[in-house]
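Q: Sequence order for the protein chains is A and B.
Under numbering that gives the first Met the number 0, the letters of the first sequence match residues 0 to 188, in that order.
Under numbering that gives the first Met the number 0, the letters of the second sequence match residues 0 to 188, in that order.
Don't read these hints as lab results, they were simulated from the structure.
Any given hint could be a false lead.
If the Cβ cut is set under 7 Å, some of the chain A residues that face chain B in the computed set are [claimed, not checked]:
(1) 44
(2) 62
(3) 67
(4) 119
(5) 182
Built from N, CA and C at the ideal position, the CB exists for glycine as well.
Number of protein chains: 2
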Amino acid sequence: MNYPNKIKREYHKNVNYANRGMDLEYIINETNEYLLEKDIALIYKKPTPIGVVKVSYHNNKQVIDKAYFASQSTLDYNGLYKGKYIEFDAKNTESKTSFPLSNVHEHQIKHIRNVIKHKGIVFLIIRINGLFYLLNGTDFISFIDSSDRKSIPYDYIKEYGYELEYNYIKGLNYLKYVDIIGGFKNEEI
Amino acid sequence: MNYPNKIKREYHKNVNYANRGMDLEYIINETNEYLLEKDIALIYKKPTPIGVVKVSYHNNKQVIDKAYFASQSTLDYNGLYKGKYIEFDAKNTESKTSFPLSNVHEHQIKHIRNVIKHKGIVFLIIRINGLFYLLNGTDFISFIDSSDRKSIPYDYIKEYGYELEYNYIKGLNYLKYVDIIGGFKNEEI
C-alpha cells in the first residue's frame with residue numbers, strides 16, 4: 000500500500016533536485032569534489048566537532064560509546080583558492096521573505112569579522128525561495144551593523160548577493176563570484 | 000609508598016615542560032589561542048572526523064551511541080595569516096636520528112602537494128630530540144621525491160628546517176618562519 004507513495008515521493012525529489020529536494024550540504028560537497036578533481040580549488044567541509052563522553056577499546060581500537068554533537072565556532076567550509084584563504088557557510092531558509100539571523104551563531108558572526116580583518120574571503124551561501132545566493136561577508140556584516148532587524152530581507156540579498164547557477168556536473172558556480180569579491184580576474188569557470 | 004614516586008614524576012614533567020612532558024597538540028593549541036587573542040592570525044585545529052554508527056534521541060537532542068575515529072585526509076591545522084592560507088600538522092617522533100615517513104599518511108602527502116600547487120603555505124612542525132622544527136612542505140616533498148628512504152634523517156631536518164623557540168606565554172614562534180617561507184617581510188612576532 001505504501002509502496003507507490005514512496006516511489007512518488009522519490010520522483011518528486013529528483014524533479015526538485017537542486018532546489019528543495021536535494022540537501023544543500025550535499026550540493027556544496029559535490030561542488031567541492033568537482034573543484035578538487037579539476038584542480039581548481041581545495042575546499043573541505045570541517046568535520047562536525049563532537050564532545051566525547053565515553054570511549055572503550057576493542058581489539059586495540061578506540062570505539063566511542065557516548066558523545067554529542069557540538070557547534071562549530073567557525074564556518075563549515077574553508078580552503079584555498081588561488082593562494083587565498085576562503086571560508087563560508089551554507090544556510091537554508093524556509094522563509095520566503097527574509098533570512099533569519101538566528102541561522103548564524105554569535106561566535107560565527109565574530110569569526111566572520113575576524114576573517115575580514117585578516118584579509119580572508121568569507122561569505123554565506125543562502126538558499127531562499129529555491130534559489131542560491133552568495134552574500135559577501137562584508138555585506139552581511141554591513142547589514143548587521145546598520146540595522147536592528149533580526150532577519151535580512153530577501154530584497155537585500157537580491158540586491159547585494161550574487162545569484163548562483165547550479166549545474167549537475169559542476170555544482171554551484173560560487174567561485175565565479177569569489178573571483179569578483181576577492182578581486183581576482185573575473186574569469187568564467 | 001608510591002606517593003614520593005608520583006611527586007617525583009610530576010616534578011620531572013614540569014622540568015621538561017615544553018619538551019617531552021607537554022603534549023605537542025596542547026602546545027600548538029595554546030599558541031594558536033595566543034595568536035587569536037592578540038589578533039595576529041586565525042589558526043584552528045580541525046575537529047577529528049568521526050564515523051557515526053548509531054544515534055539516538057533524548058529530549059529531542061541527538062546523542063551518539065556508537066562511533067569511531069576516522070583519519071584526517073588533510074592536515075590538522077589550518078587558517079588565515081596576513082590574507083594567506085596556511086596549513087600544517089604537528090608530529091612527534093621518538094626516534095633521535097630520523098623522522099619516520101610513516102607518520103604522514105599517503106593522502107596527507109598528496110594534500111601537501113596540492114596546497115603547494117595552489118600557492119598555500121604548508122609545513123610540518125616536528126618535535127625530535129626535545130626540539131621543535133618547522134619543515135616547509137616544499138622541503139618535505141623534495142626529500143620524498145629525491146629519496147627512497149622511509150625516514151627523513153635528523154641532519155636533513157636541521158639543515159632545511161627552522162628550529163622553533165618555545166615561550167610559555169607566546170607558545171611556539173612558528174609564524175616567524177612562516178613570514179620567511181611565505182615571502183612576507185621578516186618581522187619579529
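Q: Each hint: holds or not?
A: Comparing the hints with the structure gives:
no. : hint : result
1   : 44   : violated, 10 Å
2   : 62   : holds, 6 Å
3   : 67   : holds, 6 Å
4   : 119  : holds, 4 Å
5   : 182  : violated, 11 Å
Comparing the model with each numbered hint stated earlier shows that hints 1 and 5 do not hold.
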